[in-house]
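Number of protein chains: 2
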Amino acid sequence: MNGLWWRCLSLCIFIGTSIGAPASEPSSDDNYWAQRSRFLIEESQVSLGGRMHFEYGERAANNILMAAKEEEVDEGFVDPSSFLPARNFLTVVDEVRGSSTFQIIEKMPKGAALHIHDTALTSADFVFENITFRDDLYVCRPADGSFQFRFRRVADKKVTCASSEGWELLADLRANSSIKDEVDTRIRQAMTMIVPDPAKAYPNVNVAWIAFQNIFITIEPMLTYLPVYEDYYYQGLYELYDDNVLYLELRSTLPTLYDLDGNQYGPIEVARLYKETTERFVKNHPDFIGTRLIYAPLRNANDRQMDDYLTTFAALRKEFPDFVIGFDLVGQEEKGEPLARFVDKLRAVSPSIRLFLHAGETNWNGLSTDENLIDAILLNATRIGHGYALLKHPRVLELAVEREVAIEVNPISNQVLTLVGDMRNHPASFLFARDYPVVLSADDPGLWGARGLSYDFYEAFVGIMSRSADIRALKQLALNSIKYSAMPDEEKVRAYEIWTEKWAKFITDMTYEYSIVSRSKRSCEVDFVPT
Amino acid sequence: MNGLWWRCLSLCIFIGTSIGAPASEPSSDDNYWAQRSRFLIEESQVSLGGRMHFEYGERAANNILMAAKEEEVDEGFVDPSSFLPARNFLTVVDEVRGSSTFQIIEKMPKGAALHIHDTALTSADFVFENITFRDDLYVCRPADGSFQFRFRRVADKKVTCASSEGWELLADLRANSSIKDEVDTRIRQAMTMIVPDPAKAYPNVNVAWIAFQNIFITIEPMLTYLPVYEDYYYQGLYELYDDNVLYLELRSTLPTLYDLDGNQYGPIEVARLYKETTERFVKNHPDFIGTRLIYAPLRNANDRQMDDYLTTFAALRKEFPDFVIGFDLVGQEEKGEPLARFVDKLRAVSPSIRLFLHAGETNWNGLSTDENLIDAILLNATRIGHGYALLKHPRVLELAVEREVAIEVNPISNQVLTLVGDMRNHPASFLFARDYPVVLSADDPGLWGARGLSYDFYEAFVGIMSRSADIRALKQLALNSIKYSAMPDEEKVRAYEIWTEKWAKFITDMTYEYSIVSRSKRSCEVDFVPT
Numbered sequence: 036m037n038g039l040w041w042r043c044l045s046l047c048i049f050i051g052t053s054i055g056a057p058a059s060e061p062s063s064d065d066n067y068w069a070q071r072s073r074f075l076i077e078e079s080q081v082s083l084g085g086r087m088h089f090e091y092g093e094r095a096a097n098n099i100l101m102a103a104k105e106e107e108v109d110e111g112f113v114d115p116s117s118f119l120p121a122r123n124f125l126t127v128v129d130e131v132r133g134s135s136t137f138q139i140i141e142k143m144p145k146g147a148a149l150h151i152h153d154t155a156l157t158s159a160d161f162v163f164e165n166i167t168f169r170d171d172l173y174v175c176r177p178a179d180g181s182f183q184f185r186f187r188r189v190a191d192k193k194v195t196c197a198s199s200e201g202w203e204l205l206a207d208l209r210a211n212s213s214i215k216d217e218v219d220t221r222i223r224q225a226m227t228m229i230v231p232d233p234a235k236a237y238p239n240v241n242v243a244w245i246a247f248q249n250i251f252i253t254i255e256p257m258l259t260y261l262p263v264y265e266d267y268y269y270q271g272l273y274e275l276y277d278d279n280v281l282y283l284e285l286r287s288t289l290p291t292l293y294d295l296d297g298n299q300y301g302p303i304e305v306a307r308l309y310k311e312t313t314e315r316f317v318k319n320h321p322d323f324i325g326t327r328l329i330y331a332p333l334r335n336a337n338d339r340q341m342d343d344y345l346t347t348f349a350a351l352r353k354e355f356p357d358f359v360i361g362f363d364l365v366g367q368e369e370k371g372e373p374l375a376r377f378v379d380k381l382r383a384v385s386p387s388i389r390l391f392l393h394a395g396e397t398n399w400n401g402l403s404t405d406e407n408l409i410d411a412i413l414l415n416a417t418r419i420g421h422g423y424a425l426l427k428h429p430r431v432l433e434l435a436v437e438r439e440v441a442i443e444v445n446p447i448s449n450q451v452l453t454l455v456g457d458m459r460n461h462p463a464s465f466l467f468a469r470d471y472p473v474v475l476s477a478d479d480p481g482l483w484g485a486r487g488l489s490y491d492f493y494e495a496f497v498g499i500m501s502r503s504a505d506i507r508a509l510k511q512l513a514l515n516s517i518k519y520s521a522m523p524d525e526e527k528v529r530a531y532e533i534w535t536e537k538w539a540k541f542i543t544d545m546t547y548e549y550s551i552v553s554r555s556k557r558s559c560e561v562d563f564v565p566t
Numbered sequence: 036m037n038g039l040w041w042r043c044l045s046l047c048i049f050i051g052t053s054i055g056a057p058a059s060e061p062s063s064d065d066n067y068w069a070q071r072s073r074f075l076i077e078e079s080q081v082s083l084g085g086r087m088h089f090e091y092g093e094r095a096a097n098n099i100l101m102a103a104k105e106e107e108v109d110e111g112f113v114d115p116s117s118f119l120p121a122r123n124f125l126t127v128v129d130e131v132r133g134s135s136t137f138q139i140i141e142k143m144p145k146g147a148a149l150h151i152h153d154t155a156l157t158s159a160d161f162v163f164e165n166i167t168f169r170d171d172l173y174v175c176r177p178a179d180g181s182f183q184f185r186f187r188r189v190a191d192k193k194v195t196c197a198s199s200e201g202w203e204l205l206a207d208l209r210a211n212s213s214i215k216d217e218v219d220t221r222i223r224q225a226m227t228m229i230v231p232d233p234a235k236a237y238p239n240v241n242v243a244w245i246a247f248q249n250i251f252i253t254i255e256p257m258l259t260y261l262p263v264y265e266d267y268y269y270q271g272l273y274e275l276y277d278d279n280v281l282y283l284e285l286r287s288t289l290p291t292l293y294d295l296d297g298n299q300y301g302p303i304e305v306a307r308l309y310k311e312t313t314e315r316f317v318k319n320h321p322d323f324i325g326t327r328l329i330y331a332p333l334r335n336a337n338d339r340q341m342d343d344y345l346t347t348f349a350a351l352r353k354e355f356p357d358f359v360i361g362f363d364l365v366g367q368e369e370k371g372e373p374l375a376r377f378v379d380k381l382r383a384v385s386p387s388i389r390l391f392l393h394a395g396e397t398n399w400n401g402l403s404t405d406e407n408l409i410d411a412i413l414l415n416a417t418r419i420g421h422g423y424a425l426l427k428h429p430r431v432l433e434l435a436v437e438r439e440v441a442i443e444v445n446p447i448s449n450q451v452l453t454l455v456g457d458m459r460n461h462p463a464s465f466l467f468a469r470d471y472p473v474v475l476s477a478d479d480p481g482l483w484g485a486r487g488l489s490y491d492f493y494e495a496f497v498g499i500m501s502r503s504a505d506i507r508a509l510k511q512l513a514l515n516s517i518k519y520s521a522m523p524d525e526e527k528v529r530a531y532e533i534w535t536e537k538w539a540k541f542i543t544d545m546t547y548e549y550s551i552v553s554r555s556k557r558s559c560e561v562d563f564v565p566t
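Protein sequence lines, in the order shown, are assigned to chains A and B.
The numbering of the first sequence is our numbering, which starts it at 36 and goes up by one.
The numbering of the second sequence is our numbering, which starts it at 36 and goes up by one.
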């Protein structure tokens, strides 16, 4: 009974002002409009960032931001066809880039990226424009329209190529002006999910995942060439840094790398490459905090493979105790094994292993996919990847909130992989409305024309949160990303300090730029005053 | 402080076993699998119908129902393209009709229909096959492809017809075999939202609502012919009755009716027609409880119109104190006036007026449409129509649950009017998972090929609830519909008695039929045993 009361009390404390405020009881004789205002204020106060006070300069900056956001939302209210978050991201990437709200968000220091996958970290533009133009890249073009890539000194006869042309040097193909453009167009297409009509191309989750996995299958043999892998990752860090992100927790399958001499590089070596490249990046960009690694092999595994994963993980932890922070399993939840399958093995190594588990990245309800959420929480996951189905599981939600298990929300990924059409239906609106523990990430930005976190922040801020959610909600997201990261405390303090400084600059710059713009506008107006 | 504690305690009592059960604390040393099972049981227990015990025969019936449901869900899990609730209802009506789960639900006594609109109550088949073949129906066919209908003794020259043919007797058109089929096809099309590609035809809520309203504009002048209005309504009651619904609360704008002699009939006379036709129907079908009326004129009104509404409502209440139960405003929330606009007028007549308010039938968040929810709850609404945006408003949700303000969920309507694509994203999954006060209704079944409540029950049961939600969830929905209706208590008792008897028969019939089928199956199998 004591337990009951203690938990009840915690819940009451948690729900806080919402329970303690009898003011908006409709039965009161109070003035209706005062009640209504208090009601709106209370809802705002329990929402993400709603308890924060505006600090120096933030109110002015907020006015600028909100003018942009409100214009966009209100235009959508009148003409829903103009509202970008209601449409598939794959068809509106360029329009998002033109949004004033987005342009402000781009400049905002967004904290940490806590849910991004290795070979989808970096923009396809970089892969196409840089990687595919390197020497020694061979391509095989089977009749089904797919591509296989491989760096080699000479065409590799040991690896079968289902094309009568066999392995061809991409540079040679490009030298042939009659096919260059077509080849380049098709290579670009093969590297992202972008299509003119996503609803037709990806009618359901299985079809979308096949296309999604095919991209990985296509690009991985090109990216896993050792020097490319390093450059791709370095560029990925740069794109995050350039997008005002200061830290990354990267999920990697740690794929085997190769070089032109036939050497192969296993998980420990790949992790070392990540660690050393990060150090090099941080040396060049001292206000970037760094990266940590979540070892995240494929969930479609059998018992023996799972044993191998855990053995590898133990070796990684031993070698890089501060760098490799935890474990996850990746791949389409419907098709792979449910977490329940591996519970005993995971518990056998627990609690020495921190789990950052994908769970409930699904529309299903009452199936193994959404029940992964139950295992994630019972396995004491540190964070939950996606948790899209969380609202369907009241007990999991309750425990996640109580124990501050942050939910890693990736809006654009969920839309591209067909979980949600219109962002306004994304279940994170519920989490935002209650300030539940949420971090926002980009999952696989390189695969859909995004870069860094700004696009997902935009979709969440304009499309998922309330119209009234303001700069404090964005600030809270950034702070959450530091709070719920796996950085040690002293590093969190440093991250917070760096972030605070950047935030202050962001606020000052915004108000300054705006004052310039409005001053020049005013002077234009003066110029045009009829004399 | 006392208030706080009392409310805290109520909340704890409300949340019930979920809080009182420390058993599934993941930190316990208990066996994981036992914990996991308890977790699933707890989630099931807090869900819709989850606290009910199986009564006589129900377990066997449930096995039959769940075999059908699970087969359908599990097939969808493997091949999502086969899963009907993930697709637009307008494209799968016929397939739904073929579902075994649907066929069981059709036979189930579903209780009361609490959210249906007057001129969308009855199937378009009846309108087409019966009403359009009546004498004296004139049609005007403007060049834009629309239709205008009007019953007249002779072509009406006073009413303009933007067609060179002027008003034509439909019977004459049909006598012309060269155009009959085309005219009939187009008349049928003009009466429902059904199109081959809804996503293309209705790309957003505004476009969908224009098409939706055009149907009302097309059919109303035909339906408001006095004898037709009566027959249409009688047929509507019959379709509900035939679908095992025993009571209706009908929202009506109380449109002006007319006859061939140029007489017009106002709200009081229309309400009397409803009352008397209901009495006639009940006399012929004594196990149908009856109808009550919610006066629900258009929300797109100015102050003077609102005053007129309230005057009309007062007159209706005076004339039919037991029959006319309350007030609502209808029409697209984005386009009409927000509730806030009329708060003072509504409060001036409160509490003499019971409100059944449409609110939050929208995807927006933080706009006048979803903030209608705040006014609905502050105005002490008896029930809330749709409440689709409810999860975005924590305080409204909290108060709705605390004060048992039932949410009238209309899944198919929400999908057809583009709020949700895949039913698995419908926010009612959250309400079902927590057994929050919900009733299920059909909104405008006649406009999309539905009939009665079965189609919406099917979508909710298979598409929105958990795979494990069983016959008790359906039973709870039926019981909720009686509980949250505006029937006086003694009538509720009678409704409950009639329903209980029908439920017992439903259960017995289901198990009996199944035993026949399986017996005949077994005998077939015996016949085919190779000798």
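Don't take each hint at face value.
Label-pair ranges, simulated between beta-carbon atoms [as the list claims (entries may be wrong)]: (1) 370(B) / 164(A): 45 to 53 angstroms; (2) 102(B) / 317(A): 55 to 63 angstroms; (3) 106(A) / 232(B): 53 to 61 angstroms; (4) 235(A) / 102(B): 31 to 39 angstroms; (5) 98(B) / 339(A): 32 to 40 angstroms; (6) 68(B) / 342(A): 44 to 52 angstroms; (7) 552(B) / 291(A): 55 to 63 angstroms; (8) 91(A) / 68(B): 48 to 56 angstroms; (9) 291(A) / 98(B): 22 to 30 angstroms; (10) 68(B) / 524(A): 31 to 39 angstroms; (11) 232(B) / 383(A): 50 to 58 angstroms.
Keep in mind the hints are simulated off the structure, nothing from the lab.
Where a beta carbon is used, it is the ideal one built from N, C-alpha and C, also for glycine.
Is 22 to 30 angstroms respected by the C-beta to C-beta distance linking residue 291(A) and residue 98(B)? Roughly 50 angstroms apart at Cβ, these two residues miss the hinted range, so it is violated.
Assuming the hint says 32 to 40 angstroms, is it satisfied by the Cβ distance from residue 98(B) to residue 339(A) or not? holds, 38 angstroms
Status of the given 48 to 56 angstroms range, CB of residue 68(B) versus CB of residue 91(A): Roughly 54 angstroms apart at Cβ, these two residues keep to the hinted range, so it holds.
Could you tell me whether the CB distance from residue 106(A) to residue 232(B) stays inside 53 to 61 angstroms? 32 angstroms Cβ-Cβ, so the 53 to 61 angstroms window is violated.
Indicate whether the distance between the beta carbons of residue 68(B) and residue 524(A) respects the range 31 to 39 angstroms. holds, 36 angstroms
Can the suggested window of 50 to 58 angstroms be confirmed for the beta-carbon pair residue 232(B) and residue 383(A)? holds, 53 angstroms
Is the gap between the beta carbons of residue 235(A) and residue 102(B) within 31 to 39 angstroms? holds, 35 angstroms
For residue 552(B) and residue 291(A), compare the CB-CB distance with the range 55 to 63 angstroms and indicate the outcome. holds, 56 angstroms
Quick one: are residue 68(B) and residue 342(A) within 44 to 52 angstroms, going by C-beta? violated, 20 angstroms
Quick one: are residue 102(B) and residue 317(A) within 55 to 63 angstroms, going by C-beta? holds, 59 angstroms
Holds or violated: 45 to 53 angstroms for the Cβ distance of residue 370(B) and residue 164(A)? holds, 47 angstroms
Checked against the numbered hints given earlier, the structure breaks hints 3, 6, 9 and satisfies all the rest.
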